[in-house]
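Enquirer: Since the structure of chain W is already known, use the hints to place chain E on it.
This is what each chain is made of:
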Amino acid sequence: SQQGEEDPQALSIQEGENATMNCSYKTSINNLQWYRQNSGRGLVHLILIRSNEREKHSGRLRVTLDTSKKSSSLLITASRAADTASYFCATAPSGGYQKVTFGIGTKLQVIP
Amino acid sequence: GAVVSQHPSWVICKSGTSVKIECRSLDFQATTMFWYRQFPKQSLMLMATSNEGSKATYEQGVEKDKFLINHASLTLSTLTVTSAHPEDSSFYICSAPLDRTVSRQETQYFGPGTRLLVL
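Residue numbers (our numbering), protein chains in the order written: chain W, 25 to 136; chain E, 20 to 138.
Just chain W, same shape as in the assembly (with noise of 0.2 Å):
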């Protein structure tokens, strides 16, 4: 069953934007991951953070938990128009850490 509900499903942006995904979900976690998939593609990881943590960069990314919402969110500065693409977040639930549970997806266009 799909744990991670994102939100919006579909997102466009100019470039230079910054763009916002949330993602919610239901049970307990370890942590949650986002991920970004191109067209056709397989994924890609792009940050892990943990269920004791509440903010976490890296680069033009930041993503924010609050467990006790069960949401998170990541926030993608300056777009690019290489950042088109689909995004996922992945919740790894507790005490099964390894098994993760995707949700739906933002479909992300940035407009050059």
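Derived by calculation from the structure, the hints in this document are not laboratory data.
C-beta: ideal position from N, C-alpha, C; glycine also.
There's no promise every hint is true.
Claimed, not checked - Taking beta-carbon pairs under 8 Å as the criterion, some of the chain W residues facing chain E (in silico):
#1 His69
#2 Thr125
#3 Gly129
Claimed, not checked - The list that follows gives simulated cross-link-like pairs (lysine to aspartate or glutamate, EDC-like), each with its CA atoms no further than 16 Å apart:
#4 Lys60/E to Glu79/W
#5 Lys83/E to Asp107/E
#6 Lys50/W to Glu79/W
#7 Lys94/W to Glu79/W
#8 Lys123/W to Glu78/E
#9 Lys93/W to Asp107/W
#10 Lys60/E to Glu29/W
#11 Lys39/E to Asp107/E
#12 Lys85/E to Glu71/E
Expert: Just chain E now, kept in the frame of chain W:
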């Protein structure tokens, strides 16, 4: 970083034939690998967990006899779609976690995927 490969990347077959997809961890050992299926414009659905040296664990609703998984070595897992039908057409992706035992935090490394089209 860790690399996972899949072979083939594309396969077209006739209905009723069997198709084998390989997933390899190239520079690390993976006692566990995961197989996902992704339909167009949808998310990844976990099909099964492949365990080296033991039987795979299948998710609810996934037919064990239909999707045979063999994890014969620490770097190779295979998924065989038996008697494939058009509804099996999908994008199949494997992943392997790089286990950091001390912290129990791990990153999944994904293969590039295999697109299967059954005619």
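Enquirer: None of the hints should be skipped; say for each whether it holds.
Expert: Okay, the hints, checked on the actual structure:
no.	hint	verdict
1	His69	5 Å, holds
2	Thr125	7 Å, holds
3	Gly129	5 Å, holds
4	Lys60/E to Glu79/W	29 Å, violated
5	Lys83/E to Asp107/E	14 Å, holds
6	Lys50/W to Glu79/W	20 Å, violated
7	Lys94/W to Glu79/W	14 Å, holds
8	Lys123/W to Glu78/E	11 Å, holds
9	Lys93/W to Asp107/W	28 Å, violated
10	Lys60/E to Glu29/W	14 Å, holds
11	Lys39/E to Asp107/E	13 Å, holds
12	Lys85/E to Glu71/E	20 Å, violated
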